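> Letter by letter, the chains look like this.
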Amino acid sequence: MTFRRVLFVALFCCSSVAFSQDMASFEKRITTRKLANGLTVIICERPEAPVFSFFTHVDAGSVQDPMAKTGLAHMFEHMAFKGTDKIGTRDYAGEKAALAKIEIAYAAYLAERDKLVNRDEAKLKQLEKAWKDAIAEADKFSAPYNNEFGKIVESEGGEGMNANTNHDETNYYYSFPINRLELWAYLESERFLHPVMRQFYKERNVVIEERRMRTDSNPIGRLLEQFTSASFAAHPYHRPTIGWMWDLNSFSATDAQNFFDRYYIAPNIVLTVVGDVKASQAMPIIEKYFSRLPARATPDEATTTEPPQKSERRVVLREQSQPIYIEGYHRPDYHSPDDAVYDAITDLMSNGRTSRLYRALVRDKQIASDSAGFSGLPGTKYPHLFAFYAVPIPGHKPEEMADAIHAEIDRLKKEDISDEELKMIKTRAKAGLLRSLGSNEGLAFNLAIFQARYDDWRELFRSVDRIDKVTKADVRRISNQIFVPDNRTVGMIEFAGGPPGPGAPPQGGAQ
Amino acid sequence: MKRVLIALVGLLLIGSNIQLWAQAANWKDIPIPPLPVFHPVQPKRIALPNGMVIFLQEDHELPLIDGFARIRGGGRAVPASKEGLIDIYGEVWRTGGTKSQTGDQLDDYLEQRAAHVETGGGIDSTTISWSCLKGDLDDVFKVFQELLQNPEFRADKIQIAKKGMYDGISRRNDDPAGIAAREAAKLAYGANNPYARVPEYAAVAAVTRQDLAEWHHTYVHPNNIILGVVGDFDSAAMEARLRQAFTAWAKGPIVKDPEIVFTTSKPGNYLVEKTDVNQSNIYLVGLGTTRKDPDYYAISVFNEAFGGGFSSRLFSDIRTTKGLAYSVGGGIGTGWDRRGMLRLVMSTKSETTGEAIQALDEEISDLTKKPITDEEIKRAKDAILNSFIFRFDSPGKVLQEKMLYEFYGYPLGFLENYQKEIEKVTKEDVARVAAKYMHRDQMPVLVVGNPAEFDKTFFSLGPANKIDITIPAPPPGMMGEQGGPQ
Chain P
0 MTFRRVLFVA LFCCSSVAFS QDMASFEKRI TTRKLANGLT VIICERPEAP VFSFFTHVDA
60 GSVQDPMAKT GLAHMFEHMA FKGTDKIGTR DYAGEKAALA KIEIAYAAYL AERDKLVNRD
120 EAKLKQLEKA WKDAIAEADK FSAPYNNEFG KIVESEGGEG MNANTNHDET NYYYSFPINR
180 LELWAYLESE RFLHPVMRQF YKERNVVIEE RRMRTDSNPI GRLLEQFTSA SFAAHPYHRP
240 TIGWMWDLNS FSATDAQNFF DRYYIAPNIV LTVVGDVKAS QAMPIIEKYF SRLPARATPD
300 EATTTEPPQK SERRVVLREQ SQPIYIEGYH RPDYHSPDDA VYDAITDLMS NGRTSRLYRA
360 LVRDKQIASD SAGFSGLPGT KYPHLFAFYA VPIPGHKPEE MADAIHAEID RLKKEDISDE
420 ELKMIKTRAK AGLLRSLGSN EGLAFNLAIF QARYDDWREL FRSVDRIDKV TKADVRRISN
480 QIFVPDNRTV GMIEFAGGPP GPGAPPQGGA Q
Chain E
0 MKRVLIALVG LLLIGSNIQL WAQAANWKDI PIPPLPVFHP VQPKRIALPN GMVIFLQEDH
60 ELPLIDGFAR IRGGGRAVPA SKEGLIDIYG EVWRTGGTKS QTGDQLDDYL EQRAAHVETG
120 GGIDSTTISW SCLKGDLDDV FKVFQELLQN PEFRADKIQI AKKGMYDGIS RRNDDPAGIA
180 AREAAKLAYG ANNPYARVPE YAAVAAVTRQ DLAEWHHTYV HPNNIILGVV GDFDSAAMEA
240 RLRQAFTAWA KGPIVKDPEI VFTTSKPGNY LVEKTDVNQS NIYLVGLGTT RKDPDYYAIS
300 VFNEAFGGGF SSRLFSDIRT TKGLAYSVGG GIGTGWDRRG MLRLVMSTKS ETTGEAIQAL
360 DEEISDLTKK PITDEEIKRA KDAILNSFIF RFDSPGKVLQ EKMLYEFYGY PLGFLENYQK
420 EIEKVTKEDV ARVAAKYMHR DQMPVLVVGN PAEFDKTFFS LGPANKIDIT IPAPPPGMMG
480 EQGGPQ
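Protein sequences appear in the order of chains P and E.
Residue numbering for the first sequence follows numbering that gives the first Met the number 0, beginning at 0 and increasing consecutively.
Residue numbering for the second sequence follows numbering that gives the first Met the number 0, beginning at 0 and increasing consecutively.
To be clear, the hints were calculated from the coordinates, so they are not data collected in a lab.
Please read all numbers here as calculations on a predicted model, not as lab measurements.
Wrong hints could be hidden among the right ones.
To be verified - Derived DEER-like restraints, expressed as beta-carbon distance ranges:
| hint | chain 1 | residue 1 | chain 2 | residue 2 | range |
| --- | --- | --- | --- | --- | --- |
| 1 | E | 350 | P | 135 | 19 to 29 Å |
| 2 | P | 142 | E | 451 | 27 to 37 Å |
| 3 | P | 159 | E | 30 | 20 to 30 Å |
| 4 | E | 377 | P | 27 | 39 to 49 Å |
| 5 | P | 192 | E | 431 | 37 to 47 Å |
| 6 | P | 135 | E | 258 | 48 to 58 Å |
To be verified - Okay, the calculated bits of chain P under chain E, using three or more residues with CB under 8 Å as the criterion:
| hint | stretch |
| --- | --- |
| 7 | 40-51 |
| 8 | 76-86 |
| 9 | 204-211 |
| 10 | 319-326 |
| 11 | 403-410 |
| 12 | 431-437 |
Said to hold, decoys possible - Straight-line Cα separation of at most 30 Å, DSSO-like style, residue types lysine-lysine; simulated pairs:
| hint | chain 1 | residue 1 | chain 2 | residue 2 |
| --- | --- | --- | --- | --- |
| 13 | P | 364 | E | 98 |
| 14 | E | 321 | P | 422 |
| 15 | E | 455 | P | 124 |
| 16 | E | 368 | P | 131 |
| 17 | P | 139 | E | 380 |
| 18 | P | 201 | E | 369 |
| 19 | P | 85 | E | 396 |
| 20 | E | 141 | P | 139 |
| 21 | E | 368 | E | 423 |
| 22 | E | 321 | P | 124 |
| 23 | E | 396 | P | 277 |
| 24 | E | 377 | P | 201 |
| 25 | P | 85 | E | 377 |
| 26 | E | 380 | P | 201 |
| 27 | E | 368 | P | 201 |
| 28 | E | 455 | P | 422 |
Where a beta carbon is used, it is the ideal one built from N, C-alpha and C, also for glycine.
Isolated chain P, as found in the complex (with noise of 0.2 Å):
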């Protein structure tokens, strides 16, 4: 953990007025235009130096993702890399033929493979044979174009090229010199609205590799994927992101393609563009090829709500690896007028080496390296988790941090927090803003977020005079109403020995 501190503005009394003259140069300098099909479209000037970042935010993440097939928005994120009808083959109209073979095969392999009874080994074989030589088949149009539109956008001084998956939400971003600011446009207007799900199982092998990484082979990640699933009875959060390794192996092409067909819809999306440019100049530009995406009704959410948790859940992992320690409530999703008040307690508990669990837990007890709670996990959209976790050092047990951490939420319960610390963690979201303005990718990716969350990215100034608002009362009246123990979900690693036997990890002071 780094102690990176936030800065703040000098004045307390003033600093809010300095903020709202900060909204105001940003009004000046922000255009926003929500498009006739629905999309919604952000610059910013900043000329700084001949360079614009995007950020291109999609309403959509592994929430959406259908029964059976996790993993499924995090797969198309991966698919909106491959390529276009134009850019990643060498003859469209035989791909296509050739991809649709493929998922005639795929489903008749499936059918074969899901079988409960009367599986037919030989006939599976044989089908899995048709649907891998449909796949070399199509892989003949697309093999010389591998990553076609990667390679323009790199050889075209595309820097920082990536895109992200969550529960709530997917994004892609990346940055040009200015004078690529069409050729952006066009590319990323074709990207979804052309996409080709081609190589598509090659890719599932690779994100089959990632989940490998993240979670099969990392205890920590093991954790996390078996501490959130147990923390969530009835909403999709308790489904990991990147997939069950059972869906991972089944979802189609044809799931993709549906997946985007019903979620990548213009409504959906909000795209922020920050740097040298002139709004004048270039929202006709975005305008002329992001308004080619099709106007479509947004999809019936039925997404439940977690219902009330009536009793503690625990769940424990024995490993070779060293213990850690984590343990979530249940709190109400981002709109809730409490919403900053889960930001003070966040920033008390864990911002540096003043807040309170760093101070307790790893400079007076001495039982910890590092310690923390913070909302949004897995998500904020929806109800989710305000998580505390620590990390014992040698010599010290998982029920050690869960018995300091409550030690210190008790305080909270039953102390009002100081008035030094209030106004602290009031400073510091209003520092914490002021860093955020001074890049092209921040603004991109923040006023994205609040546009898409709020559907006015005035947010980003108005969330710092919510925590403004936030007093004594409120942080224990929210610690008393969400920290007891049948709202809690505990996750802990619990060193089982076995390879590679570590020596003996000395316990207590070594002076």
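Please arrange chain E on chain P, whose structure you already have, making use of the hints.
Frame of chain P; chain E shown alone:
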């Protein structure tokens, strides 16, 4: 990151293209006007008579001022018996406080101003930095200067730092990717090379408060320091402040870096058994070179084409075509003032471990059978040159570049020269560096994985030398009250 508003010469491209708005059907039809001329603001360099070098970079976008000092001398000068000293020093320099204030008092003092002063220990240097709102500069700079010149290294904070180190040691075999990176460095550089060595319980326990104070006394002299300041200040006033603060500081003795020996292990297969994973981490390693080497430019192009991003051979063949890996990459490493590591790195499911090694072998042999083509060279050079602007698109980045060149003794115009040199690289240059560095028969191959699940192919590749990664137990008597492994 804060950037100054830079007035651009001329107005942009976009407006002039209005007439071209017919929608493009092919990306190649989209016009790409020339990038406007951009001259980033250069920092002012000041050399004090006592040898301290200062760079000042104004950036008035946000009301912040950040300072960053880099001090010659780091972990590579620490004896193996005290490996970890530089990490403890880097932490306790700050947490141990100054002569007049404890670290805890500094925490509160700085937090009230929401400023920070932080220190760190690295392999070839140590660092101390501050970050503050411009109105707090007086208060925060005072702490920075006091820590720089009069740190206290209080014992209670040494103990906390050591416990953190013990924790890191105890956990170092938990994550297979971490094990692989560590053991690969040992194979490439030699187990005793400071770029490969890791702290052990005994070495950490052996570090004393006096070691920290002596380190500071030996290395922290103005003639060893490069200080950069960026933010919302007036350069003349900042220069006057820094001259006043540091001019009287006496020069110290020159400290020589030790000779470092780089010895790559014998070629062959090396295996770290990890039974709780279903994926193997694979490294093929060797030695690279330095950026002072004239080969550096051809190597940069080679690396981009061979193992860089989406466009590279490794990504295209091993990930996209074969579906063998999520993470794959590699190239010839180039250090600033020491040889970098040559490596091919990937992770793949246990069952394709041998197949994956063969796939990497094929990539290396293809470098002679199917040399990197003109098209690949063009794409690689385009990627480097067209994204070149991102090396200096903020005042902070420009400052960091200049400080790097100053620290490692490169010409301050290194970056401008780099662009010209990349343009000159030919297909023959790339083939030459590939042939010079990529010798499969000399490379150790490391696998961290679960051999019970490996494919037969792996075992056909020859015997595997097992690497024992058991963590050496702490010396008896070193630990306190309770005992028993966790």
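> Each hint needs a verdict: does it hold in this structure or not?
Right, here's what the structure says about each hint:
| no. | hint | verdict |
| --- | --- | --- |
| 1 | 350(E) with 135(P): 19 to 29 Å | holds (21 Å) |
| 2 | 142(P) with 451(E): 27 to 37 Å | holds (35 Å) |
| 3 | 159(P) with 30(E): 20 to 30 Å | holds (24 Å) |
| 4 | 377(E) with 27(P): 39 to 49 Å | holds (42 Å) |
| 5 | 192(P) with 431(E): 37 to 47 Å | holds (44 Å) |
| 6 | 135(P) with 258(E): 48 to 58 Å | holds (55 Å) |
| 7 | 40-51 | holds (count 5) |
| 8 | 76-86 | holds (count 3) |
| 9 | 204-211 | holds (count 7) |
| 10 | 319-326 | holds (count 4) |
| 11 | 403-410 | violated (count 0) |
| 12 | 431-437 | holds (count 4) |
| 13 | 364(P) with 98(E) | holds (25 Å) |
| 14 | 321(E) with 422(P) | violated (56 Å) |
| 15 | 455(E) with 124(P) | holds (22 Å) |
| 16 | 368(E) with 131(P) | holds (29 Å) |
| 17 | 139(P) with 380(E) | holds (28 Å) |
| 18 | 201(P) with 369(E) | holds (24 Å) |
| 19 | 85(P) with 396(E) | violated (37 Å) |
| 20 | 141(E) with 139(P) | violated (67 Å) |
| 21 | 368(E) with 423(E) | holds (24 Å) |
| 22 | 321(E) with 124(P) | holds (20 Å) |
| 23 | 396(E) with 277(P) | holds (24 Å) |
| 24 | 377(E) with 201(P) | holds (28 Å) |
| 25 | 85(P) with 377(E) | holds (22 Å) |
| 26 | 380(E) with 201(P) | holds (29 Å) |
| 27 | 368(E) with 201(P) | holds (26 Å) |
| 28 | 455(E) with 422(P) | violated (64 Å) |
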